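Taking this note's numbering, the leading residue of the sequence shown gets -19, the next gets one more, and so forth.
Read the hints as simulated data drawn from the structure, not as lab findings. It should be emphasised that the depicted structure is a prediction, and the values quoted were computed from it without experimental measurement.
Within a straight-line C-alpha distance of at most 20 Å, the following computed SDA-like cross-link-like pairs (lysine to any residue) qualify:
#  : residue 1 : residue 2
1  : K120      : T146
2  : K11       : G113
3  : K120      : R141
4  : K33       : T23
5  : K33       : T103
6  : K156      : A5
7  : K33       : R(-2)
8  : K156      : G145
9  : K152      : D65
10 : K120      : A5
11 : K33       : T0
12 : K11       : E155
13 : K11       : L117
14 : K11       : Q144
15 : K11       : E153
16 : K156      : L14
17 : K11       : G111
18 : K33       : T19
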Amino acid sequence: MIAVVTFRAKNTFIASLRWTENWSARILEDKLFLSATRTVNGTGQELRDAIDKGRYSICGHVDMAMVSALHPSTLSTGLFVPCRDAIESCNRCLTDYTTTAEQRFINIKDGKLNLTRACWLITVTSYHRLGSGRSPLDVKWHALATRGIRDLRTTPRDMIRYPQGTVREVWKEGEKA
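Sequences are here, hints too, so could you generate the full structure?
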């Protein structure tokens, strides 16, 4: 087993939103796995606009606009519905991801006034299985790296062999070791 390798992208701004990513890599079951924890926060409307424009991606096939946990039901009156670790999967590559949406209230001092402002904190943690990690020609690596759904070399994810959540489960088991 190799040591966990980490990479952090900080202070990536789109409009007034702060987007951060923390990446880690592991060899598990003799396969290369990556995990990324992405956080973004802002007021409801500015965050909703940024997510709906698809400016943030989880893999080459799923952007934040496609994450069902970030879309309230038609019965909801808010821009987001709180959730914790809602799990979803890409149907093209071996990527699982969990979504947490939390509303927070922050105090802002404006001169003599103390204002309370509501904001949302969105956290999406993705888990990617890249195969052996020895060649970008590996089918699993290629599936993650491919942007479009029309790539003939990439077959859809085998949901019988790799059902939703299995990539995440392997990563979590590796954390225990």
